[in-house]
Amino acid sequence: MTLAEIFSWPHVIDALTLGALYALIAVGYTMVYGIIQLINFAHGEVFMVGTYVALLAVLHTGMPLVAAIALAMLACMALGLLIDFTAYLPLRRRSPGVDAVSIAGLTAFALLAVAYFELGRREVTGLPVLLVTAALALIPLGLLVLALLSMAGRLGRPKGQVASDRLSALITAIGMSLSLQTIAQLLWTADYRAFPASALPAFFGRTIWTVGEPPHQAAILGKEIVIWVAAAVLMVGLGALVSFTRTGRAMRACAQDKETAALMGVNVNSVIGFTFAVGSAMAAIAGVLYAVKVGGNISPRMGYYPGVIAFAAAVLGGIGSIRGAVAGGLVIGITQSVGGGVTLWGLERLAHGLGAIGWEGGRAGLERLVAALAPRISAYDFAFAFGLMILVILVRPWGLFGKPGGKRA
Amino acid sequence: MRHLLRFFPLGDAIAAGRWGVVLSSVAVVALLLALPWLTGDPAAPSRWLSGCESRVVNVTLFVVVYAVLALGLNIVVGYTGLLDLGYVTFLATGAIVTFDLLLLVRTPEGLALRVGENAGLTGQPVFGFDGSIFVIMLIAGTICALIGLLRGIPTLKLTGDYYAIVTLGIAEIVFLVYLNESAFTGGAFGMKLDFAARPTLPWFEDGQWRWVKLYHDTGAFYLLALAVLGLTVVLSDRLDRSRIGRAWAAIRLDETAARACGIDVSRYKMIAFAVSGFLGGVGGALYAIWAGTVAAKSLDIWQSILILCAVVLGGMGSIRGVLLGSAMLFSLRELLRETISVGGLELRVPPEASFLVYGLLLIFVMRFRPKGLFPRGSGESVPVSVREEKELLAAPAHLYTLAPAEPTETGHG
Numbered sequence: 019m020t021l022a023e024i025f026s027w028p029h030v031i032d033a034l035t036l037g038a039l040y041a042l043i044a045v046g047y048t049m050v051y052g053i054i055q056l057i058n059f060a061h062g063e064v065f066m067v068g069t070y071v072a073l074l075a076v077l078h079t080g081m082p083l084v085a086a087i088a089l090a091m092l093a094c095m096a097l098g099l100l101i102d103f104t105a106y107l108p109l110r111r112r113s114p115g116v117d118a119v120s121i122a123g124l125t126a127f128a129l130l131a132v133a134y135f136e137l138g139r140r141e142v143t144g145l146p147v148l149l150v151t152a153a154l155a156l157i158p159l160g161l162l163v164l165a166l167l168s169m170a171g172r173l174g175r176p177k178g179q180v181a182s183d184r185l186s187a188l189i190t191a192i193g194m195s196l197s198l199q200t201i202a203q204l205l206w207t208a209d210y211r212a213f214p215a216s217a218l219p220a221f222f223g224r225t226i227w228t229v230g231e232p233p234h235q236a237a238i239l240g241k242e243i244v245i246w247v248a249a250a251v252l253m254v255g256l257g258a259l260v261s262f263t264r265t266g267r268a269m270r271a272c273a274q275d276k277e278t279a280a281l282m283g284v285n286v287n288s289v290i291g292f293t294f295a296v297g298s299a300m301a302a303i304a305g306v307l308y309a310v311k312v313g314g315n316i317s318p319r320m321g322y323y324p325g326v327i328a329f330a331a332a333v334l335g336g337i338g339s340i341r342g343a344v345a346g347g348l349v350i351g352i353t354q355s356v357g358g359g360v361t362l363w364g365l366e367r368l369a370h371g372l373g374a375i376g377w378e379g380g381r382a383g384l385e386r387l388v389a390a391l392a393p394r395i396s397a398y399d400f401a402f403a404f405g406l407m408i409l410v411i412l413v414r415p416w417g418l419f420g421k422p423g424g425k426r427a
Numbered sequence: 004m005r006h007l008l009r010f011f012p013l014g015d016a017i018a019a020g021r022w023g024v025v026l027s028s029v030a031v032v033a034l035l036l037a038l039p040w041l042t043g044d045p046a047a048p049s050r051w052l053s054g055c056e057s058r059v060v061n062v063t064l065f066v067v068v069y070a071v072l073a074l075g076l077n078i079v080v081g082y083t084g085l086l087d088l089g090y091v092t093f094l095a096t097g098a099i100v101t102f103d104l105l106l107l108v109r110t111p112e113g114l115a116l117r118v119g120e121n122a123g124l125t126g127q128p129v130f131g132f133d134g135s136i137f138v139i140m141l142i143a144g145t146i147c148a149l150i151g152l153l154r155g156i157p158t159l160k161l162t163g164d165y166y167a168i169v170t171l172g173i174a175e176i177v178f179l180v181y182l183n184e185s186a187f188t189g190g191a192f193g194m195k196l197d198f199a200a201r202p203t204l205p206w207f208e209d210g211q212w213r214w215v216k217l218y219h220d221t222g223a224f225y226l227l228a229l230a231v232l233g234l235t236v237v238l239s240d241r242l243d244r245s246r247i248g249r250a251w252a253a254i255r256l257d258e259t260a261a262r263a264c265g266i267d268v269s270r271y272k273m274i275a276f277a278v279s280g281f282l283g284g285v286g287g288a289l290y291a292i293w294a295g296t297v298a299a300k301s302l303d304i305w306q307s308i309l310i311l312c313a314v315v316l317g318g319m320g321s322i323r324g325v326l327l328g329s330a331m332l333f334s335l336r337e338l339l340r341e342t343i344s345v346g347g348l349e350l351r352v353p354p355e356a357s358f359l360v361y362g363l364l365l366i367f368v369m370r371f372r373p374k375g376l377f378p379r380g381s382g383e384s385v386p387v388s389v390r391e392e393k394e395l396l397a398a399p400a401h402l403y404t405l406a407p408a409e410p411t412e413t414g415h416g
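Chains X and P, in that order, are what the protein sequence lines are.
No gaps in the numbering here: position 16 of the first sequence is 34 in my numbering, and each next residue is one more.
No gaps in the numbering here: position 70 of the second sequence is 73 in my numbering, and each next residue is one more.
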């Protein structure tokens, strides 16, 4: 294998597309982490829910994909707000009444999801299913109204701040991730699903350009262009939002120092809620595009790997920075697509070198290893992304593009 | 005499005269030992043995195996305060090493593993000798302790979220390796223990000692698991009360301050990683024998979360808490499988929903009882010697009660 083969066009295009998607997910992590220093483990589940909302909208109403994506964005904004409201807000602020309602709502929703699953399993139809489904829709709506009221400060004064430690917050996030994943499995089964080909615009599958020379020729499909353009536009838009608007200024203030920002009249909890909502909307778009790119991978567990890898991208670019998330996403995407090839290439070079210094036994052994690894190296693509993440955390925890001593996770 | 007492389990409690603790501990041990007899068939030739096949004992066994694992995780999470999300690595390694050793056979061509495409191979099992389970548990534990140390080298300087995410990343890489290197893990199909490959334990039956094969419904395995759990509890307790345990507590409370006090933070963290790994490996070996099959696919990151859930539920750093947490969580898992009949309506939690319970538990416990249901408290682990404790107790109350600090006049200068 030569380097030209490893960095051939098909791999490069794959890497860029993956990178753009990771960047879209990573902004959700990086903004939330920048403000409340929490790895929002449930972000991968937001990504998953967004994909399901778009899929169900397309399947059941036949609406065009763009409308479905818009709907998924709205649903995920609500979900992001709800996650903050029911799980993380109670850890930051003591307000017993609101907490009790939000937690009761979460429990009721979980129970209803179980009931929905059981009704389906027993092939019950008609009124009971209708009632349970209506309740499943109404609880999040009710909680959402509460969350918005709470953000606007209309729910009475909280009883004070809670000094909750970060371990508690992280464990809560894991719990939220697990709960959402299971609820999705109850509501939508664990089967793998895909967007029906008829729902996707014909442009997605069309070859726009052909690059490179045979045998490493690659076709750039319409969907890849769409992913790149969407990612670029959204990132620029997000950058502008954070840099130039009043809300963006409030977000940056909160990221620097929440207490001082609060003293300057910034409603910190509503800024945090807004951050969750924006990040979740990005995740919804990324989810739909990811499902379109990979095809046939929509399942309740689809969010876990992209979620963790995107967190890696956020760390890689320097946590808290949107530009960093883009750069980190691209680097992680490239690592994932070419990591296996580069490893094989390196081992081959090493074997060659051992042969050159006259150690034939070592050379033969390494060559056997390469031959054994080659067929299954592609199964390890996520391992290379994880490996890069570990390396960056160990060597440059402030990120590839940050400054030592700067913000670190 | 009293100083000698503290080297034994419950010694501190006896010396301090906490008879409630002593009696309840003895009662729990007695209950566990008598459990098969209580659930056994009175008409059977051996009531105790017949009880080993009962559902209650089987669930208890499951709880005991996971309690060993939870106590192992508790060393790092509870004592040093680092969130280890990759603990499943030890469980998986312990289980896979156990199976590999048991399936290792000597053939005319040399040593071979009866795994995957070699599954039909016959030959002399290398670990077929009687009592091999002890050797296997030691090997599995040692390998996992080494993995713990190896994993400790890069993660030594990390704290908080970074430690959690790096351990998670390492566990995912190890998971992918175990899933894909099917030559020694069986890959997606996993590995199975047939009758011949089962390890043995000495057993007194019909008036003589003989070796019996270990299954999860044999009394021998029940006693073995209880013994391992007992040793794990004693080890955790002794470590917690030792100089090492005090160093861990200092690291947990404030690493910088601990270092400033001259504590060799790296060394004590490494000890924690090794001990935690060792217990994880031994627990993994027990798990493998108990399950009878090991599939790399099912040993994923959610197993880490499940065990973490038991530790968090009971109370991080509290042995009593972790034991009770495991008992509650893993018997709950069995209870969830029951069908309850209410007024003609059959109610059952679908198995798909069991993880929902764990997820919500994590959220609620962190929200309402962040220290767990049975937190490390006054009843446990006073990190002073018995003599110091007696002196403290003899002293007038105001000498050892910490009063809230008085506001000073020259506060904000």
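Note that these hints are calculated values from the structure, not bench results.
For glycine and all other residues, C-beta sits at the position ideal for the given N, C-alpha and C.
The reader is advised that the hints may include incorrect statements.
Taking beta-carbon pairs under 8 Å as the criterion, some of the chain X residues facing chain P (in silico) [unchecked claim]: (1) 105; (2) 197; (3) 361; (4) 364; (5) 365; (6) 397; (7) 408.
Chain P stretches covered by chain X per the calculated footprint, using a threshold of three residues with CB under 8 Å from any CB of chain X [as the list claims (entries may be wrong)]: (8) 59 to 72; (9) 273 to 284; (10) 306 to 319.
Pairwise CB distance ranges (calculated) [what the hints assert, rightly or not]: (11) 167(X) to 259(P): 40 to 48 Å; (12) 258(X) to 249(P): 51 to 59 Å; (13) 122(X) to 256(P): 50 to 58 Å; (14) 265(X) to 367(P): 28 to 36 Å; (15) 120(P) to 412(X): 37 to 45 Å; (16) 49(P) to 409(X): 43 to 51 Å; (17) 323(X) to 259(P): 49 to 57 Å.
(request) Starting from the hint list further up, note which numbers the structure goes against and sort them upward. (result) 3, 4, 5, 8, 9, 13, 16 and 17
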